[in-house]
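Position chain Y relative to chain H; hints supplied.
What follows is each chain in one-letter form.
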Amino acid sequence: MTELTHLTIADALKGLEKKDFTATELTKAHVDAMAAAKSLNAFVTETPELAMRQAAESDKRRAAGKAGPLDGIPLAIKDLFCTKGVRTTASSHMLENFVPTYESTVSANLFRDGAVMLGKTSLDEFAMGSSNTTSYFGNVINPWKSGNGKDLVPGGSSGGSAAIVAARAAMGATGTDTGGSIRQPAAFCGIAGIKPTYGRCSRWGVIAFASSLDQAGVFARTTRDCAILLKSAAGFDPKDSTSANKPVPDYEAALTGNIKGLKVGIPKEYNVEGMPEEIARIWQQGTEWLKDSGAQIVDVSLPHTKYALATYYIIAPAEASSNLARYDGVRYGLREPGNDLREVYENTRAKGFGDEVKRRIMIGTYVLSAGYYDAYYIKAQKVRRLIAEDFTKAFQQCEVLLTPTAPSAAFAIGENQDDPIKMYLNDVFTVPASMAGVPGMSVPAGLNADGLPLGLQIIGRPWEEETVFRVSDVIEQKAAFTALPQTLRKKAA
Amino acid sequence: MSTLVQGETGQWEVVIGMEVHAQVIEESKLFSGASTKFGAEPNTQVSLVDAAMPGMLPVLNERAVEQAVKTGLGLNSQINKHSVFARKNYFYPDLPQGYQISQYDQPIVGKGKIEIDLKDGQTKEIGITRLHLEQDAGKSVHDQHPSKSYVDLNRSGCALMEIVSEPDIRGAEEATAYLSKLRMILRYLGTCDGNMEEGSMRADVNVSVRKPGDNLGTRAEIKNVNSVKAVQMAVEYEVARQIALIEGGGKVVQETRLWDPDKGETRSMRSKEEAHDYRYFPDPDLLPLELSEELIEKVRKTLPELPDQKKHRFVEKFGLSGYDANVLIAEKERADYFEDVAKGRDAKQAANWVINELLGILNKNGIEITDSPVKAAQLGGLIDLITDNTISGKIAKDVFAEMYKTGKDAAAIVEEKGLKQVTDTGAIEKIVDAVIAANPDNVAAYKSGKDKLFGFFVGQVMKETQGKANPAVVNELLKKKLS
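Line order of the protein sequences matches chains H and Y. Per the working numbering, the first sequence runs over residues 1 to 493. Per the working numbering, the second sequence runs over residues 1001 to 1483.
Looking at chain H on its own, in the form it has when it is part of the complex (with noise of 0.2 Å):
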């Protein structure tokens, strides 16, 4: 059964539509893997049961004829959606014990076209972070294997799901992505993963970090399976204010694998100092097979992008900061007595809360307080606006942009730890899109000396997600990423 779990999406649906195999035989050997992969923590809570019995209906569906485009598939949904019924815990201990009423419209959105789901998948807690080691429930480990045989992270904050499904242990997985939360694991672990334009996928349900930055997307293995999932997951929402009402194209049908005359633009300022060589290297192995393939390559600018990462850090904990002001022990979650209202709330927060959430939530307060709003909060507002300017710019000379997707291999556990500056780093070539809105996607494009994978990154004009696919699955052609990772091998062997 071993072969079910290396299949892709898109074949997994041709095989059931076949009848080669039933949704309920691809779900346990999904369920399997996972026993196999438990090593990986990957999950916060594992749901075998529900998943066979979704499986099962799914079978029947498909016997009946009412098979959905997703039907019988598979997923993980990142521990930041809330599920009904099923625990939801932001990899805090806030939440440990929540179990919500509702189901967040995304995963609702895939379960209508027929998902199957197999656990929810542990983050860095309220998604903050870069490396999945600030969850309540432990380090995630990347199913990556450095030659010194040292474990990975697999990136952050949605390592769980991009840990399992390198992991072949799920076909796909839901993330949300802030400043990088799905392009940085996706490349950390070998795999592909999209944050489409802000607002194409509602936040409805999803327990929020910073509601201007947050965006759900997908993880998959190819390009052509994350154009699959998110044809399901998209769409508007009344729900969310913020959700765009815009029709969701047929993501695949963008796959023709012609970028003839395709404009490129390769941003200059990323090319940072320090830069590590073999990220450079990549970087101008994927320019070199766009002009290949018949594109063409652009050199542009985006000025601001230095000030990125320091906006994003006043920004994003601003609105943490107040969007986290929920958790106070009073309605739901964790409650820790004290003597007074002001106790119970100190010491909720004190015990609920992780020192990385802390640090973020001490952050956002102090821009925001009087006396500093001007100078932290207004600012940064105005440089982001600079930011999102550089993009349209840039957008009227290429059609999409190619980057690296971060400034190095997954690297240990452990390190960058006790340096949040260093940690914040990962971010710096993705969180530029996340300020912008502008969709961006990581695919695998090689692996550095140490055999560990490194992705490319695609960065598209609003709404224009079908572009960034066509060009990644180019790379993707290009790269023909086969690589497994070591710790799968040693299966193998």
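A portion of the hints provided could be inaccurate.
What the hints assert, rightly or not - Here chain Y is said to cover these stretches of chain H; the calculated rule only asks that three of the stretch's residues, wherever they fall, bring their Cβ under 8 Å from a Cβ of chain Y:
| id | segment |
| --- | --- |
| 1 | 198-208 |
| 2 | 240-251 |
| 3 | 361-369 |
For the record, the hints were derived by calculation from the structure and aren't laboratory data. C-beta: ideal position from N, C-alpha, C; glycine also.
Frame of chain H, contents of chain Y only:
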């Protein structure tokens, strides 16, 4: 009229600005579909959004927005086509999100003004600084358990309008007049029921004092002032406190004070230093609110005639006094009743009947005009009987009392009780003659110059006719016969 207050060291000018929170009349909450009905069981009108469950998002209720626009137009204010919802951050158990969605530097309604009516018949303009939309909080209940508090979220998320006045108000009378007028306008508009007992209208009063001509004094904000009477008492108390404080060598500190209606005093809640830093910032869950000219015009078309317009019309068209007009417009239903009565009749007479007779007895019995046992058409019918000389004004009062008791029409009562006025000159003349014949002494006294006795003769004639004789005919005949 002087609004100055006499202190030990001379006269003081009182400067007041008010912030009134008015709950919007609207079935659903400002950002959720939950019901806003008053008086439901605790926590039965709470949506996932109102309880701030994780991942929940606000969606603006457009009808509440239209109510705010309508109110802005009714306050002669500028409607801002672009406004922004902001988060006001603070922790409290009845504030589930940990922030209130409000409007900060870009409110939906800007500057305007209203006219207030003072006791001496004068009017004064009070500036409106702004009106903004915001969510109400829930309610903390402290008296159900010895050591715990309970929270009722039914009110959480209901739409409020905060209406801020300019510091144009001078003294307690103007403050109560402002609140009354504002309440009246909102009730006319149908945007707030103005029910202060149920808390659908609440006032915060900013009070300071200064020597006339000086710069503004330091103000204290008084919270929990929840009736017109309380505004009067709280302002008077606070003004006296501040004057005594300054005259005693002290200084007023900027602070928030709470009005205690039981003790009749204000007391310090928190100082400026202890004031919250609310960390306002634009709510990223909501787009800026953009209003189209079409929407504003659509709302403008639904505006009713407002109290001041009505008052001016009553004075100009009907020739009523300003006082009478004010009494009639105080409630829209009252004004409507009056206009029904006055239609096709003498307006002043209609006003007299409504104000002196009808409102007199309704107020005495605590009955609303909409529940009056005498309907407008019936009161009109009574006036018609006076006008066509069927009954006298005096008899009419008795008929009215009977109408109020039984709900019957005036004509039916007059018929039933045989109260029709006697206008038959011959019949009245006989009685006049009899009265003159029976009182020779008085006739002699009258003729010798005691004019006042004329009334005596009228009274005697009326007594003989059980008041039914037409007074004009009686007067005419008596004058003729006694001359």
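Check of the segment 240-251 of chain H against chain Y for coverage (Cβ-Cβ below 8 Å, three residues minimum): holds (count 3)
Verdict on chain Y covering the segment 198-208 of chain H, criterion of 3 CB contacts below 8 Å: holds (count 6)
Quick check: the segment 361-369 of chain H, covered by chain Y? Criterion 3+ residues, Cβ under 8 Å. Since 3 is at least three, the answer is holds.
Hint check: no violations occur; every hint is consistent with the structure.
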